[in-house]
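Protein chains in written order, with the working numbering: chain A, 1 to 126; chain B, 1 to 488; chain C, 1 to 501.
Be aware that one or more of the hints could be misleading.
[Claimed, not checked] Listing some non-contacts, in silico: residues in chain B with all C-beta distances to chain C over 12 Å:
| hint | residue |
| --- | --- |
| 1 | 51 |
| 2 | 205 |
| 3 | 398 |
| 4 | 415 |
| 5 | 487 |
[Said to hold, decoys possible] Mimicking BS3-like on lysine-lysine, the simulated pairs with C-alpha atoms at most 25 Å apart in a straight line are:
| hint | chain 1 | residue 1 | chain 2 | residue 2 |
| --- | --- | --- | --- | --- |
| 6 | C | 111 | C | 443 |
| 7 | C | 212 | C | 303 |
| 8 | B | 299 | C | 303 |
| 9 | C | 364 | B | 371 |
| 10 | C | 375 | C | 364 |
| 11 | A | 32 | A | 109 |
| 12 | C | 443 | C | 375 |
| 13 | C | 443 | C | 303 |
| 14 | B | 299 | B | 371 |
| 15 | C | 167 | B | 434 |
| 16 | B | 434 | C | 447 |
| 17 | C | 111 | C | 212 |
| 18 | C | 156 | B | 434 |
| 19 | C | 212 | C | 156 |
| 20 | A | 109 | A | 27 |
| 21 | C | 212 | B | 371 |
| 22 | C | 447 | C | 375 |
| 23 | C | 156 | C | 167 |
Derived from the structure by calculation, the hints contain no laboratory data.
Just so it is clear, CB atoms sit at the ideal spot from N, CA and C, and this is done for glycine as well.
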Amino acid sequence: MEMFLANYAYAFTLLILCIGLYGMFFKRNLVKKVIGLSIFQAAVIMFFVSLASKMGGTVPVKWDEIPVEMIDGYMNPLPHTLMLTAIVVGVATQGVAFGLLVNIWNRFKTLEEDALNEAILEDSRD
Amino acid sequence: MFVVSYISISLLIVLAGVRFKESAQPLATFGAGVTAVLSLVGWIVVKANTEAGFPAIRYGFGGWAPPIGIEFVLDGLSAFFLMVVNGVAAVVLWHSAGNLDKHLDAHPPTFYALASLFLLGLNGMILTGDLFNLYVFLEISSLSSYALIAIGSRQAPLAAFRYLILGTVGGTLYLIGVGFMYAMTGTLNMIDMMAIIPLIAEEPAVLVALLLMIVGIGVKAALFPLYGWLPESYTQTNSISSALIAPIGTKVAAYVMIRVLLFVFGASGLNAVWPLSEVIAYLAGAGILFGSIMAILQKNLKRMLAFSSVSQIGYILMGVALMNPLAFAGALFHVLNHAIMKATLFMVSSHLERQEESVDIRDFNDSYRVKYPWTMATFTLAAISMIGLPPMAGFFSKWMLALGTIEADHWVLLGVILTSSLLNAVYFFGILEKVYLRRSGQKEASQASMNEVSWGMRLPALILALALLGFGFFNVPLLDILQTLFPV
Amino acid sequence: MGLQSDLIPLLAVLVSLFAIPLIALSSRRPNLRESWTFLAALIKFGLVLSLIPGALRGETVGGALFDIAPGLPFELEADPLGVFFALIASGLWIFTSAYSIGYMRGNGEVKQTRFFAAFAMSLSSTIGVAFAGNLFTFIVFYEILTLSTYPLVVHKESDAAIQAARKYLTYTLTAGLLLVAGAGLLYMETGTLDFEAGGLSALIDSDIASGKLWVIFILMFIGVGVKAGVMPLHSWLPSAMAAPTPVSSLLHAVAVVKSGVFGVLRVSGFIFGFGVLQQMGADVLMMILSAFTLTVASFLAFKQDNLKRRLAYSTVGHLSYIVLGVSLMTMSGVLGSVLHIAAHATMKITLFFCAGAIYVNLHKDSISQLDGAAKVMPWTFAAFTIGAMGLTGIPPINGFFSKWTLALGTIEAGQWIPLGLLILSGLMNAGYFFPIVARAYFKPGGKDLEGHGEANPWMVVPLVSTAMLSVIFGLFPNAFVHILDLATVIMEQLFNVGGDL
């Protein structure tokens with residue numbers, strides 16, 4: 001139990017990760033897959049942020065009350081900056097994904113996996 | 001030092017220039033060409049530096065000294081990959097000029113901007129010395145490759161979407177792995193981390209991180225059984241994209257694999273808890289056989305080539321995972337060979353797709369010999385190299401790999417290499433037979449007349465095919481250097 | 001001479017390679033095209049001839065050109081054995097070139113340019129095989145030989161030819177791969193693949209486990225054994241008879257299959273060394289396989305009605321004579337083998353030439369159709385008779401001497417069963433060749449022979465010449481090109497002895 005409490009952030013991350021994966025691989029609708037994808041990426045962002053947090057630490061902006069040498073007083077800024085980039089990447093990914101979905105819709109008039117597979121089968125028949 | 005930054009900047013210039021419609025293709029080609037020349041210069045400089053005993057060239061961005069800042073590292077390995085990637089890309093983009101008028105369902109500037117962005121991502125992945133930065137470049141190249149793949153047949157966006165889902169999972173898993181490693185070591189710099197890993201190699205968190213990274217990159221590199229996205233993507237996309245992505249996309253993923261597994265973790269770090277290198281080697285072996293067998297069963301030339309890629313990537317990853325200089329040199333040489341061979345073969349398929357509107361192998365007949373004499377000669381050269389017969393370059397990479405398996409006492413893998421050569425022969429000679437020999441029931445070849453593509457397309461393909469012959473005869477200087485690149 | 005003579009082996013390989021573009025470019029003008037072939041053949045033969053005096057002194061000419069794989073030089077060296085083999089291949093190419101012209105034109109074959117170009121390529125690689133100074137170079141040329149003969153086997157493009165060519169590729173490519181694997185294993189053990197008369201000293205001195213040695217040996221033996229037609233790896237050879245006759249005659253009686261037995265000689269005499277093989281007991285395996293082959297092949301030859309297939313099985317049998325001789329590992333045995341390489345080449349090429357002439361002229365390929373044919377084609381059948389007598393082992397034709405030496409070898413080695421099989425097989429040779437001769441001479445011919453005469457001179461002259469050669473070499477084994485002396489020098493090197501035998 002103690003172990004769980006000490007690592008609850010990890011466990012939580014893992015949970016969201018699994019929800020995301022479930023959405024991507026088991027939902028038959030392509031939009032839902034993208035939603036799963038975004039949940040999946042959110043989990044990773046949370047994971048990184050949790051890495052940076054310190055009990056009792058404050059935002060990493062220089063503040064006279066806490067000298068810079070006292071590193072426990074500040075949170076680690078690096079993961080946050082990394083995640084800013086990762087969020088941008090995530091948004092870009094979703095942008096491309098939705099762009100593809102629009103294309104698929106224009107061509108097949110459906111976003112359901114099963115219907116798409118059928119359409120492809122019919123394509124290859126003729 | 002200049003070399004390093006130029007390589008990415010020249011691509012950015014191209015991006016700026018693509019606003020002008022007509023000039024997109026020449027500009028992109030020019031950019032890739034300049035980059036290729038710079039890579040060559042870089043390779044020569046690195047070689048000279050190494051001989052003189054200097055360390056690798058490192059360039060810290062924004063004046064921040066590594067490990068705090070992000071840095072680019074140009075050592076022998078990255079110089080080699082830059083040379084291969086940019087060289088092949090330049091030829092492919094040159095070749096693409098002839099394909100622009102039709103068969104490209106996109107606005108050329110957009111297309112070439114994407115292609116340049118894709119190359120930028122790959123160059124960045126190769127050069128960067130920072131694990132997180134690598135992720136960013138990985139996503140840049142991946143996102144542009146999704147878009148490139150989506151331009152193609154009716155099913156192309158769907159194939160691209162499936163690739164996107166798998167690719168993003170792969171990328172994200174890699175990112176989690178990086179997170180774990182950061183938590184363990186407090187650094188993201190590869191060279192820094194390399195020094196710390198031996199101290200913590202047996203921690204379970206490191207193992208988890210390692211597994212996540214292997215799976216993540218494995219998706220990108222199409223390591224068996226994570227190849228699922230590859231065949232459909234290469235088949236459905238347009239012929240320029242397939243010729244651009246197939247030869248170099250997976251290679252760079254293989255480069256990341258080498259960088260992370262052999263350089264950052266090293267043999268001791270990788271095998272500290274589980275013999276992971278053997279697992280990878282046998283997975284690669286399974287991929288080799290699986291890819292070859294699937295390739296035999298295909299009716300579509302592009303899909304056949306795609307499955308053949310799955311198998312050829314297996315060679316490279318196997319060579320990496322065998323962890324000895326011979327196999328390593330074989331793997332690197334195969335990176336070069338396979339990039340050239342696949343580019344050539346996809347160019348050939350683009351010629352046929354262009355002129356015949358179909359790349360169905362069942363439609364091939366001996367009129368092709370009359371219609372496409374140059375294209376078919378090119379195909380024959382590349383095919384012989386793929387099978388791995390001397391004196392083509394393909395033979396020598398397989399020879400080094402075979403020596404590597406013997407050195408590592410992996411007899412099963414030696415058998416895999418030999419068997420796969422035969423399987424390659426089955427599907428390539430199958431096509432050669434169709435194209436060069438008259439079968440009963442076919443119409444006379446004499447009725448057909450020359451229907452060859454323009455010289456602008458024939459020439460690049462032919463040059464690459466002849467390069468295979470050249471590399472076959474004069475492989476020793478290169479192989480000698482490649483062997484020294486193996487991290488001790 | 002110095003540098004100049006060192007380049008001769010390379011030039012000998014390159015000559016026919018240079019002829020290929022010329023042949024391709026002059027495809028519209030057949031006469032010019034064929035003169036390129038002739039020119040290349042003559043120059044090649046001349047180059048090989050110029051190597052003979054040195055070879056007779058036991059010298060090796062040539063050397064490493066550049067490294068073709070790390071640690072492995074691309075090495076062309078004309079040692080006496082190489083010169084011997086190159087001599088046969090290049091000498092007989094001249095006759096075959098003349099014959100091909102007669103055959104291809106007489107038969108109205110298509111795609112002659114491809115045919116002559118591929119032929120020149122095959123010859124290049126055969127000479128490369130002969131002059132290869134190490135196993136790796138050998139493999140390179142061995143594989144090129146496989147590839148360049150593929151278009152020749154499939155030449156007719158009939159379904160049967162395609163099937164045959166597939167079979168041919170399957171067998172020879174597999175064999176090539178096994179040879180590569182064997183070479184790789186050996187290289188990792190010894191760090192060298194050089195041919196060294198009497199065996200690699202690095203291998204003899206090393207302490208490789210005998211299990212591994214066996215693995216290497218079997219891989220290599222299969223690798224070269226397939227082309228040498230050792231049973232049970234022979235079945236590509238009769239199928240490959242789908243090729244036009246000039247191909248069967250030069251490549252599948254001389255160049256390709258002989259590069260197989262030549263490989264057996266190289267592997268056993270120049271890589272392993274007879275001492276090591278005997279220690280391993282590998283000689284027994286070779287002996288059993290070859291003795292089995294030569295007996296069974298003779299039986300199978302009986303059953304063939306197709307003339308070329310009968311000749312093919314006879315080739316399988318005779319190749320095993322050579323392997324058997326090597327497996328005896330005594331001086332006379334190996335000498336017999338080497339001589340039989342030459343003897344079988346001249347005799348079998350004569351027989352194939354005859355078969356081709358009969359096919360072109362009378363459109364007959366079955367033995368049962370040959371009644372009375374000798375009256376129509378007297379020269380052809382005279383030559384055929386000489387070849388058949390030689391293969392049976394009747395003096396004074398050269399086949400007799402090689403067989404005699406082989407028999408001496410078996411006695412020297414005290415191997416009575418192979419001796420018995422040799423004699424039996426000789427009788428069977430008589431059994432399957434003389435009925436053909438008898439049919440042609442003594443049975444009355446059918447009506448369909450009327451109006452046919454002798455084949456055209458482009459074909460008759462070569463086949464009579466090779467028949468004459470068989471007789472001349474039988475009577476004077478040292479005539480013209482010192483075949484016996486060369487063979488003797490090879491023996492001296494292999495068994496490391498000086499002076500006369």
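Tested hints:
For residue 51 of chain B, the shortest C-beta to C-beta distance to chain C comes to about 18 Å, beyond the 12 Å cut-off, and the non-interface label holds. Every C-beta of chain C lies more than 12 Å from that of residue 205 of chain B, the closest at about 39 Å, which supports listing it as non-interface. With a cut of 12 Å on Cβ distances, residue 398 of chain B falls inside the contact zone with chain C, its closest approach being about 8 Å. For residue 415 of chain B, the condition that its CB be more than 12 Å from all CB atoms of chain C is violated, with the nearest at approximately 8 Å.
With a closest Cβ-Cβ approach of about 19 Å to chain C, residue 487 of chain B is found to remain outside the 12 Å limit, as its non-interface label requires. Between the alpha carbons of residue 111 of chain C and residue 443 of chain C the distance comes to roughly 38 Å, so the proposed pair goes past 25 Å and is violated. Pair hint residue 212 of chain C plus residue 303 of chain C does not hold up; C-alpha atoms about 41 Å apart against a cutoff of 25 Å. Simply put, residue 299 of chain B and residue 303 of chain C have alpha-carbon atoms about 42 Å apart, too far for the 25 Å limit, and the pair is violated.
Of the supplied pair hints, the one linking residue 364 of chain C and residue 371 of chain B is violated, its CA atoms being roughly 37 Å apart against a limit of 25 Å. Under the criterion of a C-alpha separation no larger than 25 Å, the hint pairing residue 375 of chain C with residue 364 of chain C is consistent with the structure, at around 15 Å. Distance check on the hinted pair: residue 32 of chain A and residue 109 of chain A sit about 16 Å apart at the alpha-carbon level, within 25 Å; holds. For the hint pairing residue 443 of chain C with residue 375 of chain C, the CA-to-CA distance comes to about 10 Å; that is within 25 Å, so the pair holds.
Simply put, residue 443 of chain C and residue 303 of chain C have alpha-carbon atoms about 20 Å apart, close enough for the 25 Å limit, and the pair holds. Taken as a hint, the residue 299 of chain B and residue 371 of chain B pair is honoured in the structure, with Cα atoms around 21 Å apart against an allowance of 25 Å. Between residue 167 of chain C and residue 434 of chain B the alpha-carbon distance is near 16 Å, which keeps this suggested pair within the 25 Å criterion. Our distance criterion of 25 Å between C-alpha atoms is broken by residue 434 of chain B and residue 447 of chain C, whose separation comes to about 42 Å.
With a CA separation close to 48 Å, the supplied pair residue 111 of chain C and residue 212 of chain C exceeds the 25 Å bound. Straight-line distance between C-alpha atoms of residue 156 of chain C and residue 434 of chain B comes to about 14 Å, which keeps the hinted pair within the 25 Å bound. For the hint pairing residue 212 of chain C with residue 156 of chain C, the CA-to-CA distance comes to about 44 Å; that exceeds 25 Å, so the pair is violated. At most 25 Å may separate the alpha-carbon atoms for a hinted pair to count; residue 109 of chain A and residue 27 of chain A meet this at roughly 18 Å.
Restraint check: the Cα-Cα separation between residue 212 of chain C and residue 371 of chain B comes to about 52 Å, which exceeds 25 Å; the hinted pair is violated. Restraint check for residue 447 of chain C and residue 375 of chain C: the C-alpha separation of about 13 Å stays at or below 25 Å, so the hint holds. Of the supplied pair hints, the one linking residue 156 of chain C and residue 167 of chain C holds, its CA atoms being roughly 15 Å apart against a limit of 25 Å.
Checked against the numbered hints listed earlier, the structure breaks hints 3, 4, 6, 7, 8, 9, 16, 17, 19 and 21; every other hint is satisfied.
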